[in-house]
Structures are given as structure tokens and as C-alpha cells.
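Number of protein chains: 2
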Amino acid sequence: MPQHSVKDLARPSSTVLPTVQQSDRLLAVLLEEFRPIFYPKSIAVVDASANERKAGSKWVRGLVAAGFEGRVYPVSSGRGTVSGLEIFPNLRAVHGEVDYVIASVPKQSVLALLDDCVVKKVKAIQFFTAGFSEIGTTDGREMEAQMVEKARQSGMRIIGPNCIGVYCPENRIPLGPSPLGKLGTSGSVGFISQSGGIAAKLAEIGIARHINFSKIVSFGNGIDLDASDFLQYLAADTKTSVIGAYLEGTRNGRRLFQTIKEVAKAKPVVVWKGGRTEVGAQAATSHTGSLASSAAVWVAMLKQAGATEVHGLEELSDALLIFQDLGRWKGHNVAIVGGLADGGGGISVSASDSCTETGLDLPPLSQRTREALTRLLGEVGSILRNPVDVSQAPNRDPMALSQAIELVIEDPVIEAMIVQEDLDTFLSYSSSAELERINDFFVRLGGAHSKPLIIVLPPGSAEAERLSLEQRLLKASIPTFPTMERAARAIAAISKYNSHR
Amino acid sequence: MPQHSVKDLARPSSTVLPTVQQSDRLLAVLLEEFRPIFYPKSIAVVDASANERKAGSKWVRGLVAAGFEGRVYPVSSGRGTVSGLEIFPNLRAVHGEVDYVIASVPKQSVLALLDDCVVKKVKAIQFFTAGFSEIGTTDGREMEAQMVEKARQSGMRIIGPNCIGVYCPENRIPLGPSPLGKLGTSGSVGFISQSGGIAAKLAEIGIARHINFSKIVSFGNGIDLDASDFLQYLAADTKTSVIGAYLEGTRNGRRLFQTIKEVAKAKPVVVWKGGRTEVGAQAATSHTGSLASSAAVWVAMLKQAGATEVHGLEELSDALLIFQDLGRWKGHNVAIVGGLADGGGGISVSASDSCTETGLDLPPLSQRTREALTRLLGEVGSILRNPVDVSQAPNRDPMALSQAIELVIEDPVIEAMIVQEDLDTFLSYSSSAELERINDFFVRLGGAHSKPLIIVLPPGSAEAERLSLEQRLLKASIPTFPTMERAARAIAAISKYNSHR
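Going down the list, the sequences are from chains A and B. Numbered according to numbering that gives the first Met the number 0, the first sequence spans residues 0 to 500. Numbered according to numbering that gives the first Met the number 0, the second sequence spans residues 0 to 500.
Worth flagging that the hints you see were computed from the coordinates, not collected in a lab. Keep in mind it's a predicted model, so treat the numbers as computed, not measured. Cβ coordinates follow ideal geometry from the N, Cα and C atoms, glycine included. Check each hint, because a few of them may be wrong.
What the hints assert, rightly or not - Which chain A residues face chain B? A few, computed with CB under 8 Å, are given here:
| # | residue |
| --- | --- |
| 1 | S194 |
| 2 | K200 |
| 3 | E247 |
| 4 | T276 |
| 5 | A283 |
| 6 | S285 |
| 7 | G311 |
| 8 | I346 |
| 9 | V348 |
| 10 | T355 |
| 11 | D423 |
| 12 | P458 |
| 13 | G459 |
| 14 | E484 |
Construct the complete structure from the given sequences, taking the supplied hints into account.
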């Protein structure tokens, strides 16, 4: 075991703080300890036979398909090859060094496999194998204790059991036992999850919405490395600038609280707590063996620790998207622009509700902006307000429209601008070419301006066009949401986090 | 003016109720009075010149494109034709009878046009023209009073001003001044809206999500026919079985309350109140001239009246969809099935949270079902619970999977079943053919079973497949939602409405 363990970082804040030098050393130890987990040079997959239906075999095929550049060793009692790789009869038979093991073995083989890992000086092992504390038996809990005991003796770390482990696009490690080996773009969002299903789903959403992950880890029952450990690692990881977490419960609440509190000082931490309700908590116990505390305790804890609490996958991905795209943006004065197609009145009203309910401000535009808008669009009462309804532009002249929008974002009172585009109604009144032109303008504006531009693209009857435009805007790092409510909530979250720091 | 006006129906509930005969007569009068609005035999559009950019011209082209079977008369001082139809120099010059007028004229021409309408015995007129009470001038308010005065003298009804009027797919009347003349399928959902933009957007969402409208009406400032009138009509309309409303304010709160209360006894009324916040209320005043009351007053009023209150377009369309598809379904005991792809644990936990937070119950499955599931899927702890995680099925055998799902829906304790399908993760582990097979099964199950099947299809990285499957399920009248939260909220809404009646 290394002299300093990551556990050392979990000191209560009342103890003496380490010196800067000591801190640096601790960080170096931490990063070194996690290197074989996210950047292994070699991975053995047990059990990966020639049978394509086996999870292990799928894992091997996924690593190969993803183009993982290290060595991959399939291990199984059967013979033959997987993805052209020779199968080794057991872990000891592997010739080279093994940094990391992905284990998908029957429960009764787990301890023997750990013995083999000790012999092979494996650095870390993730267990897909389930059926431990989460099924509520004494046997399950005792086996977990034995697993930890064996790992501790050699300094090996365990991820799981009952998890799908690691995703690291930078190092071409795909997530879970899928033969497709799908990888998103490598980016700056870290995510830790007690649920493999939610980790896998968020990775897919990431691919769809350009939320680009540095690392994801699904750690299931977390018998050795737990939420706190991974949070500390992601805090230290220079590739990661925002951290998300799906948590159901923890065995060490005090440590988790202290960790989130420390980590949130450096990087935003977005937490979705699963098992808030009684029924949900029961489900959590049989899912990851977590004893979920009451929802109220979590809410208070997360708030005090400076984390951003979210409910559900949508809100989680929205928050990660906006922290990724807008980083350190501070502000709360937002302008809303609606009526690109006809009739922005209802949008103005409902957008006002959505934004002010989340705590954002919609200040009146400054005198100078209002005068300029009046010169441009004519003497129209409501145009002078915020939300701005640009459907008042004479004949919806595209030039006047884009000038009006630029006037709004340049108003010194305004710190960010949300534009709602209803594609289906827009296309009922204007041509695809005009739609293209106005979005060219948005992409230029988003790139040129220091103030954030956020686009709302509500679903409707032009889904193909909408999805393609959404891709274009997201690629240009313009945060894009399907509803004003979701945009407002995400902006309010980043505003609150950065303003309070 | 007819002997009984619709206004008669707006009696406070304390007055003597009419006899059944009287009620029938009142209903007949009501339906007759609204017939020229939703089922006109002839429509004149003023001002509809040969200039394609004019709103009136677009309206004419839209009516023709939609295949409206009555007569369409373009009226304009200019000459020529629109969509091959001869332009009349003024309304009086039109040869035939004119039931209905769509007016898109300058504000200063409004009163003269009304005079012409009186001469031509027009039954109803809708004004796209804006710039009245909503701009906050005395002049605007006075003109509205004069308009009502003129209309009252001849028994003509006014829709608007500042609105896009009527949508009636059954009678091939498209919504708003779009030359495309888009029409959805005619159905059973009625919708009234103070906002034209929101009415237009909901019509598009209806086309996308198979929410099929009987009628939509955008009535803007509602100076003559107001929310209460349209609600009464839709209550009487046999084509309509569920009613939605986007409202910002009303000039007669008592009447609106009484009306919603009466209407909600017969048909579900789903209300989205715009302008809940102070900023939103200000926007509402400049949008439709509405004086929005405080949010708290509305919340209490809607609750007492038995309406379903929603926030935003998503929740509105979700509620309309479920009332359309599930009608009079009562119940609150829901089963959740997850894990069609791998890893249903996190879904089970979060689905439990979503459902129980909305007030739905997830009862344990009955002893008999649990025994049958154990025989089918093996001795697995969590399968016996609700949510049911079918990823436990050995090798995810499709036959075992569908049998397990049938066992769940047939459990006598269960009143409805929600299945979550994550297409992208499913396709990471299984083939398109398997996905096809399982959804064939769902369509059969949804059609065969008296208990509702609801599907959750979360967005992700397989959007093309997801949209096509969503279309298939919605066409089969299986309510489909993108998130468990939205499904749960919609089911809770219908459960609450039907159970309380």
C-alpha cells in the first residue's frame, strides 16, 4: 500500500491542513494511484471466452472496436480467440504485466480471482459480478469484507462489485460490456455513478448533446473505492473541469460531505441523489446495498457543501452541459428574445415565468438600447421590454432581426441572452434558407461575443431539422435546450454556483 | 341577437338550475351560435391582396392548400387573384353569403370593416389586427368598446383582436396565416389560448405526438367571446372529450371560475396559467391586455374548480395526450418495468422517486406473480419487487422477457404499467431485430389489454430510431413520454381527475 492513501485526504476540515508541499505530494500520490484505473497499459478481461454472448467477450470486443492502444488479454477456461486475441486459461498464464482487470466471473470465483490478481501484481480490478450486499444476505456482506481484505494486503484497488466500471474516451476505453465499443469525444466533464445503467445512459446523452467526458466511473456497491475517492481524483485530474454524480447512498456520510465541500471549492459538483423517496430508497438498497438517508438530510448536506442538486437525468445533463460550455460565467441579468417566427407574446409571458421562478432577473433594457430598437423596429410598445418580441420587425426583415438581437446582447445591463427558436412555426412562415441565415448569424454571434448566447429549440413537427440544428449549435458550444424551463434552470444553476464562490 | 345567449350559461351556481329541457335548448343555441365559427360555409379574408407577403394572402393560400371545402373570398383594394381566387374590392362586393371573416387590416380600418360585416350579415369575425388594449392606451381600450358595441347590434361575434383565430382539422381550417395550410388529424382534444404563438406551437406538437385536435381557438384580447364562452362551447361539442387552455388573465374571474367548475364536471379541463410571476404578469398585460391576478389566487381557483393545473407546454401536451389516450381510466397502482437493456437498477430507483413523488403507488406484486416470475427468471431478490428489473432474465431471452412483462400487467394489484426503453443502450447490447420484436409485443399488449401500457423512451444517441418508434407507439394509442418524470406526472394527473369525480 502506498505511504499516503487517498483516504488521507478525507480529513475533517478541523484538523491541521497540510502545507502546500504536502498537498502537492498528496495530489501526486492520488493521481498515481488512479492512473492504472483510467490509463492502464494492459487490461485482462475474465471471463472472456469465445462465446459471443458472454459479457466478458463483449467487453474484449468493445475494447478492440474502440481502438484501445494497450494490451488486452482475454482470460477463460475455454480455448480459442476473441476479436483475434488468444484466450489465456487463467490470469497467471498471461505473459505480460496486467495493470487492470475487468471481472465478469461467477460469485464463487471472485476470491480465487483476487488471489491470482495479487500474484500478478494487478493494480486495480473492477467487478461486473453482482449478488453481494445488494441482495441483503449475510453471505453477500461477508464476501465483500473478504474481497476488501485481500485487496488491501497487496495495495490493489477494487471498483464495484455490481458495476460496469470505467469510461475514458481519451484512453479509448468504452463503457460497459457492449461489443460496439462506442466512444464520445474526450472532454472536460467527469461523472461518477452508483448505477451502471445511468452511467451508460448519460454517456449516450453525452454523445447526442456534445457533453464531452473526461472520465465516467460506475462503481456499484463501492466496497473499496467509493464516491469520495473518485470525487477526490476528479478534483485533482487536470482534464476534468466539472463533476457530476449519481449517488444512492454512502457508508461514510461525514467523509462524503467533507469531500464534496472541498471539491466544490475547486470545481462545480452536480449531484443527483437517487432514492429520495421511501420506495426509491428501498429500491436503492436492493440495487447497490446502499442505506439511503432521508431526502431532507441529503438536501441540506448538498446545499451546505456547495453542490448543485439536480433531480433526474435531464436536469443532470443540462447542468453538466452548461458548466462545460459556460465555465466560470457569472451573472443573473438575462435577456429573452422570442418571436423569430410569428407571435412571440405567449413565449414572452411563459419565458418570464420560467426565468424569474428560477431566480434569474429580466431587467429592462437600457434607455439607449430601447431608443435604438425603436429606430430599427418602429414605435412598438412591447419591443421596449424584456422579453423582446422581435416578431414586430417590419416584414420580419432578416437584417433588422439580427441587428435587433445584437443591440440586445450588447446592452450593458444584459449578462446573457436566451433566444427561443420554434423551427416548425418558423418554417410555416419563412423559408429554410432564412432559417439557415439566422442560425449562421447565431453561430457567429455565439463565437464572437463574450456574453453567453443560449438557444431554446422546442420539439414539434420538424424534428429532423431540429436535431440537425441542435447538433450544429451544440458543436459551436452554444448551450441548447428543448424548453425555456430547462434553459432557465441550467443558467440559474451556473449563476448561483459561480456567484456564490 | 338570439333569445338565449351563451352568456346565460354563466349563472352563478346558486341560481335556480334550468330544467333538462331548458338545458337542452340552451345547448342547441350554443352549438348553433358557434357553428359559423368552426364550421363556416364561406370565409372572407380581408386584407388579402396579390402581394404574397401580406398575412391575409397567406391565410387564403393556407385555406386553399388545406382543402377547405367552403367558399373563400379574398378581399382587398388591389386587383388580381390569390391562389386562383378573384379578389373582391370590398366585403360588400362579395356575391355570396359570408359566414365568417378573417380580418388582417390596419387598426384604423377596423370599424369600417365591422360596418360592412353588419351589412353582409356576417356571423363572426376574427381579428389578427393588434394594437388595442394590450398597448395600454386609452385609445386602444375605447376602440375595443366600439367594436363590441357594433357587433352586439347585429348579433355578430368577435374573436380577438390580436389573435390567429380558429383551427378545425375536421372542417379543413388550418391555424394562422401560414401558406402551407398544415392540418393534423381530427380528434377529440379541444384547446383555447390567449396566445396565438402557443396555440400554433401546440398544433405542431399535436402533429408530432398524435395529440389530435377537434378545435383550437386563439382568442387574444377576447373582447367579445372570451375563455368562458369557448369553454362552454367545447363542453357542449360532442367531438371534444378533453379541453386544454392557455390563459393569461380574464376580465370576469367569477364567470371563468363558475364555467371551469361546471365544464370540469363533464370533461377534463387542463389549464396552463401564463403570467404567474410578476415579470410574467407584466408581459401578459402588454401581450393580451390581461390583468393577471396573483398566482396563488389562480392555483386555489383552479384546484377548487376541479381543473388540472399544468406549468408549461410540455406538461400541457403530456396531460392532453394522456387524457386523449386513456380517457376515463381510474387507478393509482402502477408497475414499472426497466432493464430491457442492461442495468435497470438505477432506473428502478429513480422511477420509484418520480412516481411516488407525484402520488402514484408502486405496490408490491402479489405472491402469485412473484412465484411465477421466480420460476421464469430464477431466484433473484430484486425481481420480486416493483419496479421490476427484467435485465435479470437469463441472457435476456426475449420470450422470457415478454412473459415476465405479461405476468406483471396481469397482476390483479396492478392498474397500469410503465415500461422504460432506452433505445441507445438497448442497441448497444442487442440487435435492431430484437428491438423490433419487443416493440411488436408492446403494440400487441397495448391493444389487447384493458390496463394501460405507458412507454418511456428517453432521448439519447439513437434519435432517428427513437422518433420512429415513438411515432409507432403513439399511433397505436400507447402514451409515450421521453422521461419517467413526465410519464408519472401525466398519469398522476389523470388518476387524480378521474378518481376524484
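Results of checking the hints against the structure:
Of the supplied interface hints, the one on S194(A) holds, with its beta-carbon coming within about 3 Å of a beta-carbon of chain B, less than 8 Å. At a threshold of 8 Å, the smallest CB-CB gap from K200(A) to chain B is about 6 Å, leaving the interface hint in force. Below 8 Å, beta-carbon pairs count as interface contacts, and E247(A) has one with chain B at about 6 Å; its hint therefore holds. For T276(A), the interface hint holds, since its Cβ comes within 8 Å of a Cβ in chain B; the closest pair sits about 4 Å apart.
Interface hint at A283(A): satisfied, since its Cβ lies 5 Å from the closest Cβ of chain B, which is below the 8 Å cut-off. For S285(A), the interface hint holds, the least distance from its beta-carbon to any beta-carbon of chain B being 4 Å, beneath 8 Å. About 5 Å separates the beta-carbon of G311(A) from the nearest beta-carbon of chain B, less than 8 Å, and the hint is met. Evaluation of the I346(A) hint against chain B yields a held restraint, the C-beta minimum of about 6 Å falling below 8 Å.
For V348(A), the interface hint holds, since its Cβ comes within 8 Å of a Cβ in chain B; the closest pair sits about 4 Å apart. For T355(A), the suggested interface contact is upheld, since its CB lies about 4 Å from the closest CB of chain B, less than 8 Å. A distance limit of 8 Å between C-beta atoms decides the matter here; for D423(A) the minimum to chain B is near 4 Å, and the interface restraint holds. For P458(A), the interface hint holds, the least distance from its beta-carbon to any beta-carbon of chain B being 7 Å, beneath 8 Å.
Because the closest C-beta pair between G459(A) and chain B is about 4 Å apart, less than 8 Å, the hint holds. Annotation: E484(A) was flagged as interfacial toward chain B, and the flag holds, the nearest CB pair being 5 Å apart, inside 8 Å.
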